[in-house]
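Student: Sequence:
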Amino acid sequence: MLKYLAGYPATLQAQVQQMIDAGRLGDYLAGHYGEAHTVQSDRALFDYTQALKQRHLRNAAPLDKVCYDSKLKVIQHALGTHTRSTRVQGSQLKTRREIRIASLFREAPADFLKMIVVHELAHLKELDHNKAFYQLCQHMEPRYGQLELDLRLYLTWRELPGAAAPVAVAGELTP
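The UniProt record's numbering numbers the first residue of the sequence shown as 1 and each following residue consecutively.
Everything labelled a hint here was simulated from the structure, so no lab data went into it.
Among these hints, one or two may not hold up.
[Stated by the list, open to error] What follows is a set of in silico ranges between Cβ atoms, one per label pair, in the way DEER data are often shown: (1) 31 - 95: 39 to 49 Å; (2) 96 - 143: 24 to 34 Å; (3) 161 - 92: 50 to 60 Å; (4) 71 - 3: 13 to 23 Å; (5) 161 - 50: 23 to 33 Å; (6) 161 - 95: 39 to 49 Å; (7) 2 - 95: 20 to 30 Å; (8) 14 - 58: 24 to 34 Å; (9) 129 - 93: 23 to 33 Å; (10) 91 - 10: 56 to 66 Å.
The beta-carbon is built from N, C-alpha and C at its ideal position, and this holds for glycine as well.
Please take these sequences and the hints and turn them into a complete structure.
Tutor: What follows is the structure, encoded as structure tokens:
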């Protein structure tokens, strides 16, 4: 049931299971992440991503495309992808960089969209999920670690039977 939290401590998983059993997980999420975003089109997503890139990664390679992708599935463990393709054009090599974000983020809270965009932007500088990668994510979004945990809670909540729109009531979770 808690497949998105498999790498977290058993004590945290127990806390989350208690919240689920008490029907409070949706309330926790609504209390912390009630703000929606207006980034609905691929063009708006490209502009949003470019603004974050310009603010934090000015010297990184340019992006050619950023879009929502309905083919990315949580089941395949891909909420976003960053791809590079190199092509020969005459005597030069041309590299195209694309970021694709799972379309579920159209409806996700604004903080979760920012977290996944930050994650994919970090791959412009760091290819692997190593210490430098997570430090870069933390630099671009200081709450990155908490947002990653809460995104996993959101994904868990979405799969609960009868999950309805959460009611705004704040709660606490400690990792």
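Student: Against each hint, give a clear statement of whether it holds in the structure.
Tutor: Hints, one by one, checked against the model:
1. For residue 31 and residue 95, the hinted distance range of 39 to 49 Å is satisfied, since their beta carbons lie about 43 Å from each other.
2. Our hint of 24 to 34 Å for residue 96 and residue 143 holds, since their Cβ atoms are close to 31 Å apart.
3. Checked against the hint of 50 to 60 Å, the C-beta distance between residue 161 and residue 92 comes to roughly 55 Å, which is consistent with it.
4. Distance hint for residue 71 and residue 3: a CB-CB separation of about 21 Å, consistent with the stated range 13 to 23 Å.
5. Hint check: residue 161 to residue 50, Cβ distance near 39 Å, so the stated range 23 to 33 Å is violated.
6. Hint check: residue 161 to residue 95, Cβ distance near 45 Å, so the stated range 39 to 49 Å holds.
7. In this structure the supplied range 20 to 30 Å is violated for residue 2 paired with residue 95, their Cβ-Cβ distance being about 39 Å.
8. For residue 14 and residue 58, the Cβ-Cβ distance of about 44 Å falls outside the hinted range of 24 to 34 Å, so the restraint is violated.
9. The supplied range of 23 to 33 Å is met by residue 129 and residue 93, whose beta-carbon atoms lie about 27 Å from each other.
10. Residue 91 and residue 10 have their C-beta atoms about 58 Å apart, which keeps the hinted 56 to 66 Å range intact.
Checked against the numbered hints above, the structure breaks hints 5, 7, 8 and satisfies the rest.
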